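Protein chains in written order, with our numbering: chain C, 1 to 337; chain F, 1 to 406; chain H, 1 to 329.
By construction, these hints were calculated from the structure, which means they are not laboratory data. Keep in mind the model is a prediction, meaning the values are calculated, not measured. There may be inaccurate statements among the hints.
Unchecked claim - Pairs of lysine-lysine, DSSO-like flavour, derived with a Cα cap of 27 Å:
| # | chain 1 | residue 1 | chain 2 | residue 2 |
| --- | --- | --- | --- | --- |
| 1 | C | K134 | H | K153 |
| 2 | F | K265 | F | K160 |
| 3 | F | K160 | H | K153 |
Stated by the list, open to error - Pair ranges (Cβ atoms, derived):
| # | chain 1 | residue 1 | chain 2 | residue 2 | range |
| --- | --- | --- | --- | --- | --- |
| 4 | H | C314 | C | G220 | 52 to 62 Å |
| 5 | F | P298 | H | L105 | 32 to 42 Å |
| 6 | H | A49 | F | G318 | 53 to 63 Å |
Unchecked claim - A partial selection of chain H residues facing chain F, derived with a Cβ cut-off under 7 Å:
| # | residue |
| --- | --- |
| 7 | G156 |
| 8 | T218 |
| 9 | R219 |
| 10 | Q308 |
In this text, a Cβ means the ideal position worked out from N, Cα and C, and glycines have one as well.
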Amino acid sequence: MTQTPEPTPFTQAGDTRTSAKISRDTISAVSVAVLCVLLLLSARLVSPALGSWTQVETVLVLGFFLVVLSYGQGLVILSGGLDLSLPATITLGGILATSWVGANDPNAWYLLPVVLMICGLVGLMSGIGVVWLKVPPFIMTMAMSIIVASALLGYTNGTPRGAAPTAAVALMKTELLGLPTPVIVLVAFVAMGWLFQSRSIYGRYLYAIGTNLDAARIAGVPVTMMQILPYVISAMCAGFVGIALVGYSSGATLRMGDDYLLPSIAAVVIGGSSILGGRGTNLGTVGGAILLTTLGTIISALGMEFGLRTVIEGSIVLFALLLLREELFQKLRNLWR
Amino acid sequence: MNINRMKTSVATAALAAASLTWAAQAQAQDGEKFKIYLSLSYSGNAWQSEAANIVKALAATPPYDTQVELIENISGTDPQAQIAAYESMIDDGADAIISFPISSTALNRTIRRGCDEGVLFFMYDGTVTEDCAYNVSFLSAGFGENTAQALVNELGGKGKIFLSRGVPGNSVDQRHTDGAMSVFSKYPGIEIVAEYYSFWDDRTTQQETAKALAAHPQVDGVWAQAGEYGVIQALLDAGRPLVPMTGENSAGFRRALADPEMQAKGLRGVSSGSGPAQSGYAFKLAMEILTGQRELEPQNIEYPLPWVPAAEVKICEGDSYTDGCNVFPESKVPSSFVSEVLNPVLLPEINVESALNGTPVPGATIQPLPADVVVTANNEPGINCDPCEAAPDLYKLTKVEATVQP
Amino acid sequence: MALAQFEVQTVPAWKTLLIKSTRGAALIVGIYLILYAFYAYQQPRALSASSFASLMNNTAPLALAAAGQALVVISRGFDLSVAGVISICNVTLAVYPLEGPGGALMSALLCMAIGLTVGAVNGVLVAVLRLQSIAATLATMIICQGIALVILKAPGGSVANWIADEMTGRLAGVIPVSGLVVALVIGTWLLLRRSNFGLSLYAIGADEHSAALSGINTRRVRFLTFVIAGAIYGLAGFMLSAQTATGNPTAGTPLLMLSFAAVALGGTSLSGGKGGLFAAVMGAAVLMLLQKVLFSFGISSFYTGMFQGVALICAVVFSGLLTRLGEVK
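The whole structure should be built from the sequences, with the hints applied where relevant.
Next comes the structure, spelled out in structure tokens:
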């Protein structure tokens, strides 16, 4: 990361030092994880059954979708963009997996990757719109979302058909080495994501263009490619989530992705990334996603009316944000030295 | 120069628009068809598209095919969008609007304006409180209380249960739950350990049930609204025995009720609830009024409560519900397919293909509804009338009797 | 904006016209007029006072929501709490209807107070505690939605008749009242824009660091931005209640994404420092009109989304092109 120029004129002083930056991101990821564990343990107050290993497994399986999704979202945000097309892309993956792959189950081994590529194509179009047509990411991805959703409505005539491909069901419903398969896949996915984002040249490029596009260009970063790439990856992640979702509940609906957009952004931000780009780690994002899922599990165990539950959920999100705030890390770091 | 160029392009576009209008008018003039709008608030789940498909199939069945110009409109989950859509339809000279209303009250004023211009409003499944509209709905038929009593009977009056509700902040969900609570609250032995919202969706139900199971591993029964098949899947995922449960009409649930393997795991219960067939019934009523075959003042019309206990589930061989069968096999429809879409009495002219594709049955003709078919629904304040008095026996049991006493 | 004076002399006449059309809201107003012409051509009733009024009534809530959102966006922020504020206002008016003109005024003030309060919380979180606006307002939105559900569990209740009738009616049989409310907000904005606050707002959005260096109290301006935006959302909730005449605890949710679309369509850059309220209001008007136009052309609703999406991209690309053409000297 040392060669990457990091002129950050708009953020607080002290951010320019690479060592400080890494330690802040690490602290942020660690504190999210600590918060998660605390939350799980304190859940015993709500119900004695909570906080058990079974519950951890449930959280990890349910959190699978959000973790994968927010990884893609995190990359896009890191590069200075935002991906609002996730709901439609999830649905695209789900619909294609059921109505198309489900009907040709023996060929799933090559059709499922094709589904991912079709989803990637949506991301490619978003990326091209953002980079070449200079449409703001917010608008471009929102418009893509509307377009894809409408195309799916027309394609399915309103009625999604077919059953989940066996491979997708196996992904979500089997056990491997005594653990649910999705948990193992999740660990592998996170490891790969970490290698890409934190240990590869591409990851460094993304940090650079998210921090300062012009500086990155001058420093020789292939800016165009690196701006488009996150959208493609994000769309493929969303497609993967779509496939996993139909494996989990064996059918697709046209609104299956709707509930995931805001949580995917929240997970990234809670994980310590800047919504303006250039800052954040994927481990932090994973922590954010798990934290939100844990919270959801505990909240639904509360025997309260929905309104109050929602208020509590929002308050805890706010609390987490305040706790993981910039200044706090600044102080923590000062103690460290 | 630039302005001139702009003018030219505007003129070209206007010309194109003009030819479109002309074509549309030419079409409208031959045959004097009734212009009927089908206004959905949203589409994308099996229920909504089946409801729309059977109306499309009926409209394409003789003699309706020469009498009706049916135009479908999907406005979205936002009351304002449906208000705007109704307004456009009224302005466009609609004869009738068949609609799934997104809100029981927000559309009232627009409906009033439409009624004043002579438009017939037929609401299906959902209702509106405006009294110039016809409401065709099962809502007043007591889904909540009857299923709750059936569950209590299965459990022998005691046990820990989950409530899998619908959409928070929705009046239909509230009505069902109020009905159910009128029964559950009578039995001190019934303990509601978890109450969650399924958004009437299999996948959400499955996820929410999984969360509830993590917190409350001990559960003896589940009272569910639509999305019930997700409950079964969540129980199976967690490697747990199945329990008595009630739910709505998904093919997955009905097939499971009839499946000996599932029964051996402990599944018992009843399938009831909302049916897309209501849209077809509403459409046929509207057509009979428009063509002068029936005189009917605007009112609340009850669609009979579907009621299929596990013992009565029968898988169909053919394309329609004949010989008392009431669910299609897996080779024909997905588990999310809502079974209460065909009705041998009210809608004999359509079959499963109509429900899936909106296609008419070859050779079928429209059969008139039985003359005395209309059953007036109970008043339910805030649901199908406002202001009004609630019927005194609002939560009266109609399908089951209490076999256990509190 | 300030660049306009310098460019006019150096470019040919047709280019000047183009440049002018990119300033402020001219472009979006033009799009609106063309769309309206199509609509009126297809549906002659569109020109009647009652049709225009009902279009206005449909537009007003989104227009106001977009106006508030534009303020925050100009300061380079996002405000998701718009959905929550509108929902709370709507259920409050449905649960506690206040009759008569006095009651209507009280209700409007009440709604604005609700918006002010939520806005102040947002302001503290963003300006003082320095949380990212999108994250902080996401949390307040969730909390507000919860509060709305606590106030009213299921849709119901009824908004005072006076509000429902008069606020959606017409003055002298012609001028829609809802249009006047929106005009009032725009008018206030035009005054405000020239004030210290208005200038600081643009400065912060363009470059917070230099704005602070040039002596602008960025905290105060940011805080005020959220507060004022909140008050405008309150008005949006008030107008929405007038139109639906009933309470719905999730009333505001559909307006969330649409408000951003309207802001962007109006040419307000989501990266801050540019744009205006009037353009955002016109963006909202175009979005609502587009539905009507697509309907009148009989386009299957399965595909209206495609048209909306493509229209959104085209509008942004087109206005971007014009702006860049304008910048070429």
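Checklist entry - What hints, given by number in increasing order, does this structure fail? => result 1, 4, 8, 9 and 10
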